[in-house]
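Student: These protein sequence lines are chains A and B, in that order.
Going left to right, the first sequence walks through residues 1 to 377 as my numbering numbers them.
Going left to right, the second sequence walks through residues 1001 to 1191 as my numbering numbers them.
No lab work stands behind these hints, which were simulated from the structure alone.
Some hints could be false.
[Claimed, not checked] The calculated DSSO-like cross-link candidates involving lysine-lysine, where the alpha carbons are at most 27 Å apart (straight line), are:
id, chain 1, residue 1, chain 2, residue 2
1, A, K353, B, K1011
2, A, K98, A, K84
3, B, K1160, B, K1117
4, A, K353, B, K1010
5, B, K1184, B, K1072
6, A, K353, B, K1006
7, B, K1025, B, K1061
8, B, K1189, B, K1106
9, B, K1189, B, K1109
10, A, K84, A, K94
11, B, K1063, B, K1160
12, B, K1005, A, K353
13, A, K353, B, K1025
14, B, K1152, B, K1063
15, B, K1011, B, K1072
[Stated by the list, open to error] A few chain A positions that, by computed beta-carbon distances, are all more than 10 Å from chain B:
id, residue
16, F14
17, I31
18, A117
19, Y124
20, I195
21, S200
22, G211
23, I214
24, G306
25, I339
Don't be surprised by glycine CBs; every beta carbon is placed ideally from N, CA and C.
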Amino acid sequence: MSLDIIKSDLIQYFIIYKPQIFYLIETFVKIGILYGAVMTLAGVLTVGERKLSALMQDRVGPNRAYILGFTLWGLFHVVADGIKMIMKEDFMPKNANKILFTLAPIISLVPILFVFAFIPFGNYINIFGYTARFEIIDSNLSVFLIFAFSSLAVYGAFLAGFTSGNNWGLLGSIRAQAQMISYEVVMVLSILPVIMIYSSPSLSGIISAQGENISGFIPKWGIILQPLSFLIFFTAALVESKRAPFDVVEGESEIIGYFVEHSSMRFAGFMFGEYIEIVLFSMLISIFFFGGWQVPYLSDSGFTLGNISIPVNHYIKVILELLSISVKTVIFSCIFIFIRWTLPRFRYDHITKLCWNYLMPISVLNLVVTAFFVRAF
Amino acid sequence: MIRTKKLDEKKLNFWESIYIVEIVKGLVVTMRHFFINLFFPSRIITVSYPEENLPLIGNAKLKSLHRIKLRKDGSPKCVACMMCATICPSKCIYIEADETENYVEKYPKVFNIDMSKCVMCGLCVEACPEDAISMDTGEIVGGSYDRFRNYKNGGLFLTKNELFRHLPHETISKSGAANRLANKYLEDKND
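Generate the whole structure from the sequences, applying the supplied hints.
Tutor: Set out below in structure tokens:
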């Protein structure tokens, strides 16, 4: 068989499988863009949290780490922290179940990362006739899949405490299970009205439905139609990310938390997972309640409001849409941090009471009322 | 009998019990601090020590970096009597004595202070019979990663070169018995 035949075969295969090859390249590019952005934001948040909290408390915050004399407002602390984590001793307790102990940080990190695959982070782009949607997995049931996968993260917290052979870790993981599982119910219940209003169980459907306007000029965002849902979902998101004011799981002063025995990069997995969770919930809040990548009044034909319309270039529109969801995500990540550094910790029984006695009935009521209105009008 | 204490817990009213209003109130406070500090960073009162120093108030400058006072001709007032090295509780002063050319007194051939050990107690100043060592420079020793590097190069080790000096615009002191003798000897020699 000569080279020419192979060559011609390859060309034939390329012609036959052209859409598949293009799809593969497209998917890899999208994974690179989204996960690169998420990882970068989560990394910057680790030092951003210290910096923002410092500003809130009239301090300067981290500003010492430098490379070649440049401190860059303390941004190099991300690198310094990473190097410190890698260089630390990797400790394995004697009583621990070695396999599950190692698996716990991975389990708490991977499902959260996987959820991002379902998230549409832009509308679509048209390059030389090839159309690509900014969504890695396009599923009709993406809302339910997201909650299914993000609820797997509780197993990370659960395994870490149970398998470390430490009683403080056990206490922490019991607290984590109690609050995370109960608030997952509330979280899903608070999202159901949103799904009903936009009549779509997929994230891209919910977002494109939010592009319309109520009575001509108010954007049809979730925050305007379902403010109660927003409050409940935001509270549940705070609990799910296990941060103050719901951080009895960690409760630094009494029990260190479910990751007492985890050190080095094992601990970094939990910590980084927490920040990725913040990014995830900020993205979900901006998608469900603030229109995701929608820019108000911007559609394919450009900005339109009533009779006025300004045409916008396709590529500028794509950039505006990508910026829209990025800005919303960053703002909500900052709000997560602001809330943490403003409020004191809830007592353990107060958290459970807040869930089952108040948020749960309110969200069910909200669901019923929404169902009534959706059916009636 | 078990001692008990009754707590008067304030009952929350409706707006307090739904948390939202109180959370917004709290956020207003923290956000005010955040935005004021973000846009006017000069309002943050943190001093980046050791690059920045606050001016020392009152007599605080009398417990600052050591120096050895000098005579008219530039020779040290120190006569290497070892008083300071003896009284020093942290043993941070090291002196090697030698004879001067006039055979009247001694002088320190080596005078080292290890500032990483010094506790700034000021006992050396009190003990000095010559009023030679003093802690009135007004400088504060900054933090350093290397205690054996010279003070001038960012370390914590003081030698003769850094210790023997006048303060800016200082009139030469003539107090101390041996100091007076030595000054008189110098005057006689000049005559």
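Student: For each hint, tell me whether it holds in the structure or not.
Tutor: Going down the list of hints, with the structure as the test:
1. A:K353 - B:K1011: Holds, because 17 Å separates the two Cα atoms, which is no more than 27 Å.
2. A:K98 - A:K84: holds, 24 Å
3. B:K1160 - B:K1117: Satisfied, since the Cα-Cα distance of roughly 17 Å is no more than 27 Å.
4. A:K353 - B:K1010: The hint holds at about 19 Å.
5. B:K1184 - B:K1072: At roughly 11 Å apart (the allowed maximum being 27 Å), K1072 (chain B) and K1184 (chain B) satisfy the hint.
6. A:K353 - B:K1006: At roughly 24 Å apart (the allowed maximum being 27 Å), K1006 (chain B) and K353 (chain A) satisfy the hint.
7. B:K1025 - B:K1061: Violated: K1025 (chain B) and K1061 (chain B) sit about 45 Å apart, past 27 Å.
8. B:K1189 - B:K1106: holds, 18 Å
9. B:K1189 - B:K1109: Holds - the C-alpha atoms of K1109 (chain B) and K1189 (chain B) are around 23 Å apart, at most 27 Å.
10. A:K84 - A:K94: holds, 24 Å
11. B:K1063 - B:K1160: holds, 19 Å
12. B:K1005 - A:K353: With a Cα-Cα distance of about 26 Å, the restraint between K1005 (chain B) and K353 (chain A) holds, given a limit of 27 Å.
13. A:K353 - B:K1025: holds, 23 Å
14. B:K1152 - B:K1063: This hinted pair holds, its Cα atoms lying about 20 Å apart.
15. B:K1011 - B:K1072: violated, 79 Å
16. F14: Nearest chain B Cβ is 54 Å from F14 (chain A), so the label holds.
17. I31: Holds, since 35 Å exceeds 10 Å.
18. A117: For A117 (chain A), whose nearest Cβ neighbour in chain B is about 34 Å away, the distance exceeds 10 Å, so it holds.
19. Y124: holds, 37 Å
20. I195: About 25 Å separates I195 (chain A) from the closest Cβ of chain B, which puts it past 10 Å; holds.
21. S200: holds, 30 Å
22. G211: holds, 29 Å
23. I214: holds, 24 Å
24. G306: holds, 34 Å
25. I339: Label violated. Min Cβ-Cβ 7 Å, cutoff 10 Å.
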